[in-house]
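S.K.: Chain by chain, the residues run as shown.
Number of protein chains: 2
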Amino acid sequence: MTDIAKRFTENPLLRPADLQSRHLGLTIDCLLNPGVFRFQQKVWLVVRVAERPAQQEGVVSFPVLDQAGQIKIIEIEKANPNLILSDSRLLRFENADYLTTLSHFRLLCSDDGVHFYETEGYPPIEGSGAYETYGIEDCRVTQIGKEYYLTYTAVSQNGVGVGLMMTEDWIHFDRKHLIFPPHNKDCALFNEKIGPKYYALHRPGSPVIGGNYIWVAESPDLIHWGNHQCIAMTRHGKWDSVRIGAGGAPIRTKQGWLEIYHGADEQDRYCLGALLLDLENPGIVLGRTDDPIMEPVMQYEQQGFFGNVVFTNGHIVDGDQVTIYYGASDEFVCAARFSIDEILKRLI
Amino acid sequence: MTDIAKRFTENPLLRPADLQSRHLGLTIDCLLNPGVFRFQQKVWLVVRVAERPAQQEGVVSFPVLDQAGQIKIIEIEKANPNLILSDSRLLRFENADYLTTLSHFRLLCSDDGVHFYETEGYPPIEGSGAYETYGIEDCRVTQIGKEYYLTYTAVSQNGVGVGLMMTEDWIHFDRKHLIFPPHNKDCALFNEKIGPKYYALHRPGSPVIGGNYIWVAESPDLIHWGNHQCIAMTRHGKWDSVRIGAGGAPIRTKQGWLEIYHGADEQDRYCLGALLLDLENPGIVLGRTDDPIMEPVMQYEQQGFFGNVVFTNGHIVDGDQVTIYYGASDEFVCAARFSIDEILKRLI
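In order, the protein sequences belong to chains Z and W.
If you want this note's numbering, it's the position in the first sequence, counting the first as 1, plus 793.
If you want this note's numbering, it's the position in the second sequence, counting the first as 1, plus 793.
The hints are simulated quantities; they were obtained by calculation from the structure and are not laboratory data.
Since the model is a prediction, treat every value here as computed from it, not as a measurement.
Just so you know, not all the hints are guaranteed correct.
No copy is singled out in the list; a pair is fine if it fits within one copy or between any two copies.
Once the Cα atoms are required to be at most 25 angstroms apart in a straight line, the calculated PhoX-like pairs of lysine-lysine come out as [stated by the list, open to error]:
{"no.": "1", "residue 1": "K939", "residue 2": "K990"}
{"no.": "2", "residue 1": "K990", "residue 2": "K969"}
{"no.": "3", "residue 1": "K969", "residue 2": "K1138"}
Let's have the full structure, built from the sequences with the hints guiding it.
M.R.: Encoded structure:
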């Protein structure tokens, strides 16, 4: 057991029943994978809310958006021979893939980082346009100056890509479209320029050759990206053998950029580990944890919509202490603390 | 039969036996998929040369590059239970994918566009660095001003991405690294700015959700890319049902940007079709051919290293006439002419 996370005793902090579904006829099945930021002396979460109709016997039903942003419900008999239920998250029907739930983002704030509530005046953020008809997921928030940059997974029949939006006030959003084409997700922006360029971690995926690895890219303007370099691969036989992806924005330390990342194995068990990247050239990996620094061990991490998952894409840093907010079992929002120094000692 | 290509009677123009292998112990198995450009009053091809060792009974052997650019031969007994021979192009061994051949580029020129020969002083272009250890493939050449831009498929254990290099003299090359991360190929640059931006067609691929579709992206500098939009999908039940990808640089016509593209079906049969894109906004598709404009019908297109393939990534335009150079059966270089007007009439 190499888990060095100090979980909040209040976990889970948020459950699906804690929020109201926004859409008539839909229920919230999952609250998960929050982006995290500080704003107006509070800690805020951009929580992913995954909804679908209450499931009826013998039928699979799920929502999608049309390009005008209206919800449409698709219903398929489970006996239909053209239906393949891949896992609780994904299905295939008549040569097309779909998600079982439709996700949007909800803003919640907190005075103590433990108790979160909705505030009037900050509306939900919904998928929009042709590249988000299956929803938006797993938002990372990076603050650069006064601006907050949201990178998130945009899903549609076109594929799974990375969208970018900007805001100063969390009311008005400037959407910058797809910054990484399919198949890509888990994009975390660095919160400052390094030399003349901005940097991002991202996670392309391949149908053949290559794998689900972490890459770094650079940009003059956060909108156009190039010089893609692979910085971390999956490791055969280990806890991160099948896919890995960045967590929240990299944390600047004296030793380098510390990135907490997730890894999954053949059993789709998601744990957390860490990478250390060179301060001047984040394409250079200085260290990586061999064992996970956090594993799904609590009941709420092992049993839920998709069990055996701890997944983080947001945190708050206070000196040596990093508080991660994380999705547990793809259903609950939880929190845990790490000592940065302790993580650094685990690097090899 | 909807094939409107006027094939050269001299086809195939080039066969593997026409060139000398550059690498001791390797033989050229395929000459294919040339990029095409005009330079010094001649027509030039950037031919893809695919090499491997002569194959011995019971053993698969193939070359890869190390990061210093040195060739290493990997040999695997065919009886090895960890070996999966996917098709003549690809194999899987111990959790990793490999290519059966290693490709580089060779420059050939011609005074008449039919007879091509090597000229001293223009060395081959080889894979270089960590992202090209499995070789470089299928170069598109776009001339913008005095500069020639080469976009090509860069293959390594990191995945299949798109590399960019620039040259003015075809002797010195400025390598700009990966402009599109995996999985991506079939990248064709537009040969002029549209408004303030450069544009490219590219072909991302997805392990799940989405498919092998043609996308357009924009860039301020040809190096950093954003605003990715899907402009053409595969069409179920048609000749382009499984994968499609751009050919050479889009051709400016009065009606729009004409793009000759390839499509493959479930039987891996590759044909050519065409797309017409809006002159001012190439994200808008004005037309697409329903049937192929060229199909593998000649013996050299049906029988070879990988049969039933016509694949183009380069052409020369003279008024209404476009001469495409194309790979036939992944083994031979051939040419054919189209009337642009005739292609435009096939659009629906």
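S.K.: Run every hint past the structure and note whether it holds.
M.R.: The hints, checked one at a time:
Proximity of K939 to K990 under the C-alpha cut-off of 25 angstroms is restricted to the intra-copy arrangement: shortest distance 18 angstroms within a copy versus 28 angstroms between copies. Proximity of K990 and K969 under a CA criterion of 25 angstroms is satisfied in both settings, with 18 angstroms inside one chain copy and 15 angstroms between copies. In this assembly of identical chains, K969 and K1138 lie within 25 angstroms of each other by CA distance neither inside one copy nor across copies; the values are 39 angstroms within and 37 angstroms between.
Of the hints listed earlier, the one the structure fails to meet is number 3.
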